[in-house]
Amino acid sequence: MSTDETGPGGAKTPENARTPGIAETPESAKTPDRSGGDLVQLITPSGERISHPEFDFWVRDITDDQLCSLFEDMTVIRRIDVEATALQRQGELALWPPLLGQEAAQIGSGRALRADDFVFSSYRENGVAYCRGVDLTDLLRVWRGNASGGWDPYSINMATPQIIIGAQTLHATGYAMGIQNDGADAVAITYFGDGATSEGDVNEAMVFAASFQAPVVFFCTNNHWAISEPVRLQSHIQLADRASGFGIPSLRVDGNDVLAVMAATRLALDRARRGGGPTFIEAVSYRMGPHTTADDPTRYRDANELEDWAAKDPISRLAGLLDRKGILTAELRQQVKDKADAVASEMRRGCTTMPEPQPMDIFKHVYSTPNSWLERQQDHYARYLASFGDPAGAVSEEGAR
Amino acid sequence: MTQLTFARAINAGLRKSLENDPKVVLLGEDIGALGGVFRVTDGLQKDFGMHRVVDTPLAESAIVGTAVGLAYRGYRPVVEIQFDGFIYPAFDQIVSQVAKLHYRTRGAVKMPITIRVPFGGGIGSPEHHSESPEAYFTHTSGLRVVTVANPQDAFTVIQQAIACDDPVLYFEPKRRYHDKGEVDESADPRSALPMDKARVLTDGSDVTLVAYGPLVKTALDAASAAADEGISIEVIDLRSLAPVDYEPVVASVRKTGRLVVTHEAGQSGGLGAEVAASITERCFYHLEAAPVRVTGFDIPYPYSKLEMHHLPGLDRILDGVDRALGRPNSLSGLEG
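Sequences listed follow chains A and B, in order.
Numbers given in the numbering used here equal positions in the first sequence, counted from 1, plus 732.
Numbers given in the numbering used here equal positions in the second sequence, counted from 1, plus 45.
Isolated chain A, as found in the complex (with noise of 0.2 Å):
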């Protein structure tokens, strides 16, 4: 198998890679395994910009614009992290589960995707999706309890956040495997946890990932816990470790820093589009809030481990960088803040004036053509709610009569 000499960003599927069949990788798509390594690092904590012989090259384009457009962005997810947190805690939400401490992990890989990139993600991944585009009304449906699925996945090529959880992972193997029939050179990425390796679905993808070669990014965030399972209940290696067994390379980047991440995905996306098939990159982070809302982390995580994370935020390491290269005048640091409460705000207002569902919706969508049994019992029920005279509000918790 040979692949088109062409260069990051502008690469062709190779011919036969269209067909999935038991595939090789080709040569020039090899990447070296790095998963025994140290962490991929580009910005250290106090945000010192290091050079890296490898990974360097992937990010050279990145201008003193963009760094502060990647702190624009993951200010602006923080903030409405802590927003949607507040309207959890002020009873408009049911549940929200928070990315703080994950903002470079989700910034990082999502700003290096492209646009006919296809995402299959957790629950946990609005950050990415902010990058998708999402309306981030879309982005509190679920939480709110208004719907199923905050939004069309094709209107931003970004499934329906998986709940179950790695069952995703399957999701764009299978994906990518319709990629390569297509002989398209888009990716599909995968984002889970730490937890979700020790899934079989997670395995089962690694397995049909490398026999078909297929073209997709397993991106785990290792933010080292799984509600209260910390991750050494789940491997005794390290998580990148894993992927070597399934013949899959691996990358193991420091999760805080987005330009590490951006590089790492960056690498894996144009080894996937020059058909050198999939791989994993752990990004190691940290859940500084709770699993959920719901959740109290407290009860099983020592306040010391906070505080050492803490050290490392991501955001205040990209801070650190801006503000050795001067760039960080108040001046950004205002207009960051007015971008992401202005964002916020708009996100709240969506979220308080989303319109009510309505009785009968709960029929709709649950096949794509008519079903008997469905419609007899829509049918009863639409006389049920007509015999209060008062269809919308005739049924609550507490009783009608």
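Treat the hints as calculated values from the structure; they're not laboratory data.
Predicted model only: the values in this text are computed from it and were never measured.
A virtual CB, placed ideally from N, CA and C, is assigned to each residue, including glycine.
Mixed in with the good hints, there may be bad ones.
[Said to hold, decoys possible] Label-pair distances were calculated between CB atoms; the ranges are:
| id | chain 1 | residue 1 | chain 2 | residue 2 | range |
| --- | --- | --- | --- | --- | --- |
| 1 | A | 1085 | B | 330 | 50 to 58 Å |
| 2 | A | 1089 | B | 318 | 32 to 40 Å |
| 3 | B | 244 | A | 1112 | 22 to 30 Å |
| 4 | A | 823 | B | 330 | 27 to 35 Å |
| 5 | A | 1073 | B | 152 | 16 to 24 Å |
| 6 | B | 244 | A | 884 | 37 to 45 Å |
| 7 | B | 318 | A | 1116 | 21 to 29 Å |
| 8 | B | 168 | A | 1100 | 33 to 41 Å |
| 9 | B | 184 | A | 965 | 51 to 59 Å |
| 10 | A | 1115 | B | 65 | 35 to 43 Å |
| 11 | B | 244 | A | 1106 | 53 to 61 Å |
[To be verified] Chain B regions said to be covered by chain A (calculated; three or more residues, Cβ under 8 Å):
| id | stretch |
| --- | --- |
| 12 | 95-106 |
| 13 | 148-157 |
| 14 | 183-189 |
| 15 | 209-222 |
With chain A fixed as given, assemble chain B onto it according to the hints.
Showing chain B alone in chain A's frame:
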């Protein structure tokens, strides 16, 4: 018209679907060079290539889960679960993903996935190879569940299932794979009886006998034997298990006043219970006797030397007919 076995009829239907729609892809274990363990996909990989007929690694959740991803990408995957008892590792992907994605995305994402499952017993296999798991899936909203009872239906319904924008579980009665029947290969599946409709197979006036899949033949044999005793049985092939097409059953029971439902699956929570309850609701004042279920027992599928005791045969069905008619039967004198 040609004489085809059940297995060849499904093969012919799959071939038509592959020919007619380039988005149809087949996935499963051993479905390529081997042609499937029952040879249902025989020759298809040779003719359509490895990218249309894909031999997969051995992982049921992945076979169904990757089909979900392919459907997201606009494909119409047809997956083969090698045996009924192997479907359980894929259960989550079927009931939490395949069944619900259309609802979850408010109709934006279609899941036109067909899941082929050879099911039922009577072939002398070891455990996990003879199960009837249909009720797990008829209980899950968002799935359509169908089964077939003759080669012509096998040929047309597989094409209808693949063309359907909803996910369909297509249960194949494996002990009938080698039965032959007339098949009109030129029949257009769009003008054939839709897969969600039941079919009345015999006209009868004394008892309505509802069956599906492998037991349709047994039910017809029972009706024929009963006719020799002067009992007139109306046999209905349910065909669709979710949704059940109740109209012909209701019409029949209003005429006969008596209902017998038979299936290989265990009794508790089975489809027979659902049919009996629904017909009781709709036909209570027409019923002359309580509906009767003649089913497999609530046991793990037994070892093969005893499986014929578990599976409803002609005589057990006739015993059930006698119960419905109030004639002397094995339970005579037993109350409650």
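Here is how each hint holds up against the structure:
no.: 1; hint: A:1085 x B:330: 50 to 58 Å; in the structure: 52 Å, holds
no.: 2; hint: A:1089 x B:318: 32 to 40 Å; in the structure: 33 Å, holds
no.: 3; hint: B:244 x A:1112: 22 to 30 Å; in the structure: 27 Å, holds
no.: 4; hint: A:823 x B:330: 27 to 35 Å; in the structure: 51 Å, violated
no.: 5; hint: A:1073 x B:152: 16 to 24 Å; in the structure: 35 Å, violated
no.: 6; hint: B:244 x A:884: 37 to 45 Å; in the structure: 39 Å, holds
no.: 7; hint: B:318 x A:1116: 21 to 29 Å; in the structure: 25 Å, holds
no.: 8; hint: B:168 x A:1100: 33 to 41 Å; in the structure: 35 Å, holds
no.: 9; hint: B:184 x A:965: 51 to 59 Å; in the structure: 34 Å, violated
no.: 10; hint: A:1115 x B:65: 35 to 43 Å; in the structure: 42 Å, holds
no.: 11; hint: B:244 x A:1106: 53 to 61 Å; in the structure: 22 Å, violated
no.: 12; hint: 95-106; in the structure: holds (count 7)
no.: 13; hint: 148-157; in the structure: holds (count 8)
no.: 14; hint: 183-189; in the structure: holds (count 3)
no.: 15; hint: 209-222; in the structure: holds (count 3)
This entry does not satisfy hints 4, 5, 9, 11, going by the numbered hints stated previously.
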